[in-house]
Amino acid sequence: MRKDEMFDTKKKKVALDVTNLKNFVYDMDHCIKCKGCYWVEHTYMPGVQFSVRCPSNYWNDFDAYGAFGKMRIGLGINDGKLEWTDKLLEIIYADPLCGACDVGCKRNLDLEIGLTLEALRIKAVQDGAGPMPAHKKVAKNIAAKHNQFGSPHENRRKWATKDVKIADKADTVYFVGCSASYVNPEIAKATAKVLNACGKKFMLLPDEWCCGNTLYSVGMIDEARELAKRNIEAVKKTGAKTLVVSCAEGYRMWKADYPKLLNIATADLGFEIVHLIEVADEALKKGALKLTKPVDCRLTYHDSCGVSRLCDPWTPWSGERGWMGMVSPPLKRRRGTTGLYAQSRNILSAIPGAKFVEMPRTRENAFCCGAGRGAKEAFPDLASVSANHRLEEVKSVSAEALVSACPWCKSNFGQAVKENGDNIQVMDIAEIISASL
Amino acid sequence: MSIQKQAYNALESAVGAKYFSDDPAICEGYRSGPGGYESGLGYERVMTTIPSAVVMPKTTEEVQKVVKICNRYKVPYVPYSTGFYGPRSHCHVENELLIDLKRLNSFEIDEKHFSINVGSGVIYSPIQQEAMNKGAYVIIGGGGAQASAIANLIGDGWSPLSHRIGLPHRRILGTELVLPDGELVKMGSLADGADPFWGDGPGPDLRGLLRGFTGLRGCLGIVTKMAIKTLPFQPEPLVPTGIAPNTALALPPKRVKWVNYQMPNKAAQVKAMFEIGKAEIAAAVTKVPLFWRAIAKAECKEEFWEIWGKETEESIKNFFIVRVLLVGYTSEEQMQYDENVLNDIMTELGGIARPTKPSDESWIKNADSAGMWLMCGSYVSVDYIIESLSQATQHGESYADLKRKYTPPLMPDNGDPGWFQSFELGHQGYSEFLVYWDQDEDTTGVDHFYLETAKMNIKERFYTSLLGPHQPLYLTGPMYGPNYHEWLLKVKNAFDPLWVCHPPTPLAHDDFVDRAKWMKPLKDWESPKKLPMPKW
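Each protein sequence line maps, in turn, to chains A and B. Each residue of the first sequence is one higher than the one before, counting from 175 in the numbering used here. Each residue of the second sequence is one higher than the one before, counting from 148 in the numbering used here.
No lab work stands behind these hints: they were computed from the structure. Quick caveat: nothing in here was measured; it's all calculated off a predicted structure. Glycine residues also receive a C-beta, built at the ideal position from the N, C-alpha and C atoms. Don't take each hint at face value.
The list that follows gives simulated cross-link-like pairs (lysine-lysine, DSS-like), each with its CA atoms no further than 30 Å apart [unchecked claim]: (1) A:403 with A:196; (2) A:314 with A:367; (3) A:569 with B:205; (4) A:569 with B:281; (5) A:261 with A:367; (6) A:186 with B:448.
If you want the footprint, here are the derived chain A segments under chain B, 3+ residues with CB under 8 Å [said to hold, decoys possible]: (7) 221-231; (8) 248-256; (9) 261-269; (10) 379-391; (11) 495-504.
So here's chain A without its partners, still in its complex pose:
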């Protein structure tokens, strides 16, 4: 007798569909409270000082704010036992959905923690309780001005000065994103210069709109889906084969969440999604990008979540769950293993004059800046606490500069440094590459 024939387990239909929380009941049910989602993975555990990786549970110590608490709360919501209250909304939304819990859990278990947290927010919106007022304001801005900040749409290309070469027609589109277009134009400009230096001809979308990251992240799935369709169509119209981004949040959105929203695979988007760090790393290896100007600085790198543990490609999956919780057809789980961990490190190590040092928590164990996915808009204190905690780590390795590959990280760290009067320079990787050209 085969082992599974000893049991008469009924098969249940299941899909990786975040619009229905019931798809994740198994995952919520089977959380074992090991707290691998909260602590840095034991192999890489640096010691007592920087031992955690969950910004939400670092901000508020009650178990409810860790993924293990949210799994139990999620079951309560699914069963209709918990009513939506301000506290419950805080628990669900005071979280940058950075994916640390998801990769932590998937080291040992096969639970879809990240998707469950997304499904909980979608459920909050479906029930008329979410999102938070600050998110509604962002949604209003996007609807009216096509950007998250409510800035005039016509200012989107203001960063594009004459000293950067932008083609009218190219195989590559640079999708700038709201933050680099309006708040951090220096990143957009530096990105363009680096692409120029790599010999990568690029164009811009004729009329770029917000990627919809915040909308998707807070559970406003219908609005996010409309933007996804519109933006994908806009890229397809250009005939480009590659879309390059300089924003980690945008990278994750295009690469994983657009396909998720449209129930297609990343490979079926019709064009490739790359981040600037992939372009620069490849150009560096081929000798097309030459970093010659010394940058006299001791620097460290912050792995932005969207280019690390959250960016594995998406493949739709639906099937059945049966004996011992096994699923069929086979499911290749997203564990954050294809994150862009090496590229930035290769680049930073190649900058002449610079001394690159690692922080205690790196790659899939990195501590998020706390700004992403609607967290800073609704819970600025969480974003501030997270950034300050990470900056303590920067100081612990005596770094003079903190480099990341995401404008949201730069803004959040930059604000914290300014408020504290810290002597740390916060830079995007595009800027430091550009400075070394």
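Given chain A, put chain B in place with the hints provided.
Just chain B now, kept in the frame of chain A:
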């Protein structure tokens, strides 16, 4: 009825509003199950509930204040450090306060005298890293890298490294205990403020009451601080490598090495453990269940079952592995000496060295017990014993026989006799029997199996660890004493006359059997009609 308002106000004042909550969502986050260690079973469904409120003290003084308030207003409470130990560390009665100890996270290391001093919220893996940074090490207990060191040491605390480092209670050098009524007791070196050196006294040593063999799950007070001995390790770094889930510590080959030996039969397997102990070599000597190898190889549960599905009763019956960890504590030469002696022993006994990865994924820093849930989704170590090597190595076989009767719902494992190893250089043997099931199946059989193991241990005269709150006290007490149950209840009544501290422990499993009707057919022992404890 919830906790009365006066108690609520007093508790909030004791710790500050930020660290006290009775919000339903906050309390729901402290639910025991349905997943987790020993969860998804009858005990968890019948005996646990969510707290009525949660409090998070920061200091021993705050813990004392909270406990005194609980006594004043008759509020039952449960101490909680990381919550990993399943239903038995969660609220059992209505209107109960959960005292979350994670903010007691003080840590000091005394490099010169080889000891650490930790609070209840400090877990193992950072302790091990801090120790290794100073040329020392501790054991990461089987409870896992993410378990509270204090909770683990007053419960279990052993691992394969116990071959050399010994049993956990020998490493407790000082304890600070808030008694169930809020009074503070300091034991061992923490009592006289000396450098941590002496775990016993002054006066009567209460560690036995606190810890016993595998602990009383917090029903005799709250340990807020502990001084723990560390031991000298070798100086080379163990380098973390890989991206999760494929991470490991790369071992310095001349100082740390795992070697797996395939032995010709069980007798040679046990003899090898004896001989290694007699020669006083090695850091760990262990035999693990074969399916752990499948867990290590598999990326997901489907792959595990594909690998494990190929094994048969025959292949398990003929699997005689001895896994040895060599450490050059003092020098490369010492490591070479150990390896030469080991090779001589194995040559004599017919052991064949198998290729072994030059890395550690499981024991030095990890105790990766979360992997135990991969295959089925549910798990508990149903028993562990410390006996002589010759007895311990027989223990698992009797379990395997009993287990057949309850498979399904237990995981089909081809009669694997579990895990055993050498402790204290072969002077003791350790056996642990782990069972796995899917909590979505009918788990009545697992509840029955759990209780039947106590009866089997009594019958076969194994000194089981899971007494007290782990099994019905009126079943095990008369058989292991003959009045262990009376003694334990006297201790409980003396220290906690109100039974505010984690009720109804240590009568929790008796209560479960009384309340769960599917357990009734198994009850063939005497117990009072009404259990001798206050009703909450």
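Hints, verified against the model:
1. A:403 with A:196: Holds, because 26 Å separates the two Cα atoms, which is no more than 30 Å.
2. A:314 with A:367: This hinted pair is violated, its Cα atoms lying about 33 Å apart.
3. A:569 with B:205: holds, 26 Å
4. A:569 with B:281: Cα-Cα ~22 Å, so holds.
5. A:261 with A:367: violated, 46 Å
6. A:186 with B:448: Cα-Cα ~17 Å, so holds.
7. 221-231: holds (count 3)
8. 248-256: It holds, with 4 qualifying residues against the three required.
9. 261-269: holds (count 3)
10. 379-391: violated (count 0)
11. 495-504: holds (count 7)
In summary, the structure is inconsistent with hints 2, 5 and 10 from the numbered list given earlier, while agreeing with the others.
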